[in-house]
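Asks: Place chain H on chain E using the hints.
2 protein chains.
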Amino acid sequence: MKYPNNIKKSYKKEINYKNRGMDLENLINEACKYYLEHDEAVIYKKPTPIGVVDVDYKNGAVIHKAYFKEPSTLDYNGIYKGKYVEFDAKECASKTSFPLSNIHLHQIKHIENIIRHGGIAFLIISINGGYYLFKGSDLLQFIQNNDRKSIPYSLIQEIGYPLTYNYNIGIDYLKGIEEAYKGVGYFEDTKD
Amino acid sequence: MKYPNNIKKSYKKEINYKNRGMDLENLINEACKYYLEHDEAVIYKKPTPIGVVDVDYKNGAVIHKAYFKEPSTLDYNGIYKGKYVEFDAKECASKTSFPLSNIHLHQIKHIENIIRHGGIAFLIISINGGYYLFKGSDLLQFIQNNDRKSIPYSLIQEIGYPLTYNYNIGIDYLKGIEEAYKGVGYFEDTKD
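Each protein sequence line maps, in turn, to chains E and H. Residues 1147 to 1338 in my numbering are what the first sequence spells out, letter by letter. Residues 1147 to 1338 in my numbering are what the second sequence spells out, letter by letter.
None of these hints come from the bench; they were simulated from the model. Built from N, CA and C at the ideal position, the CB exists for glycine as well. Be careful, since some hints might not be right.
Negatives, chain H to chain E, calculated, CB over 12 Å [unchecked claim]: (1) Y1190; (2) I1225; (3) Y1230; (4) S1247; (5) K1255; (6) G1275; (7) S1296; (8) L1301; (9) Q1303; (10) P1308; (11) T1310; (12) Y1313; (13) N1314.
Calculated lysine-lysine pairs in the PhoX-like style (CA-CA distance at most 20 Å, straight line) [said to hold, decoys possible]: (14) H:K1179 <-> E:K1204; (15) E:K1192 <-> H:K1192; (16) H:K1191 <-> E:K1192; (17) E:K1215 <-> H:K1192; (18) E:K1215 <-> H:K1211; (19) E:K1255 <-> H:K1179.
The following block holds chain E by itself, in its conformation from the complex (with noise of 0.2 Å):
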């Protein structure tokens, strides 16, 4: 919103929404710590890869030199109902369309990995102020039967599924998983 001179006037949620990209990532984070706490599953964030170049052992183990990684996984997994669960969280700038470039290339062979040994692999994106489940199988389909770089916006919201925030619990994924993955969790009650 432009204003006389192009003072540009700061309303908290414009402020909100230029951090999204923070706002998606804690969203999640509450939910994982809320899901832990009451039991519902065992979800945490990955360490960011970093790669440690130089350590001062003299002065307890100060980092002084490293980079960061680029990941080959994706940032959060763990176990919900007995299954494997991994998925990542992708903020998206545009409103049109999910570009593919957000996704590295091991990445989506990653994704298939997990599926393919009988885990769950989706994205949590977020676009247009909504918060979508973009289920792992739809993404490598997507990527098998188009030239596209991007996912447009209306087929994220067509075989998206749409996730709900919730002020106790931030993003309410679980709620989501147990939508697009309908008769998932046998929860074996197993002594180890």
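Replies: Here is chain H on its own, set in the frame of chain E:
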């Protein structure tokens, strides 16, 4: 082995033994890679948790200050025959017992969580030149029923599952899983 004039002769085997800490992890990493390439399991080592304090974004995001964080989960996790698997690799310097101080309190809680939700959790303990799969359920039971602060080597030999080293694979821990968790794996033929 000491030689005249205190000169230590470096045999290759000696070097290997000295670096056992490194070796165990490498041997497990090798196995993970082998299993992945042969499509037997999808199990990765999680990145080391690092708290980043200072990043120089001007020169390509070089981290200038960071520190190692205490892990709250185990080092390796993934999926095998549709089953959630998580474990940690533990080098044991003592030849008589494995000190429980090697495992953080929230890691024990995490093992409980994994098992309760239908996953497999265990330790791979390297002790006295041998490798053992020690089930998470056995670990929890030991802690509950003992005041001892370490697990005797004799008990590890008795109820642990010996893991074999294989030149092509590394430490063949899937074989150990098969033995320790008989009947594991349903490998669902899901499309998702």
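Asks: For each hint, tell me whether it holds in the structure or not.
Replies: Now the hints, each set against the structure:
{"no.": "1", "hint": "Y1190", "verdict": "6 Å, violated"}
{"no.": "2", "hint": "I1225", "verdict": "4 Å, violated"}
{"no.": "3", "hint": "Y1230", "verdict": "4 Å, violated"}
{"no.": "4", "hint": "S1247", "verdict": "18 Å, holds"}
{"no.": "5", "hint": "K1255", "verdict": "10 Å, violated"}
{"no.": "6", "hint": "G1275", "verdict": "27 Å, holds"}
{"no.": "7", "hint": "S1296", "verdict": "23 Å, holds"}
{"no.": "8", "hint": "L1301", "verdict": "18 Å, holds"}
{"no.": "9", "hint": "Q1303", "verdict": "20 Å, holds"}
{"no.": "10", "hint": "P1308", "verdict": "18 Å, holds"}
{"no.": "11", "hint": "T1310", "verdict": "21 Å, holds"}
{"no.": "12", "hint": "Y1313", "verdict": "25 Å, holds"}
{"no.": "13", "hint": "N1314", "verdict": "20 Å, holds"}
{"no.": "14", "hint": "H:K1179 <-> E:K1204", "verdict": "34 Å, violated"}
{"no.": "15", "hint": "E:K1192 <-> H:K1192", "verdict": "7 Å, holds"}
{"no.": "16", "hint": "H:K1191 <-> E:K1192", "verdict": "10 Å, holds"}
{"no.": "17", "hint": "E:K1215 <-> H:K1192", "verdict": "13 Å, holds"}
{"no.": "18", "hint": "E:K1215 <-> H:K1211", "verdict": "16 Å, holds"}
{"no.": "19", "hint": "E:K1255 <-> H:K1179", "verdict": "14 Å, holds"}
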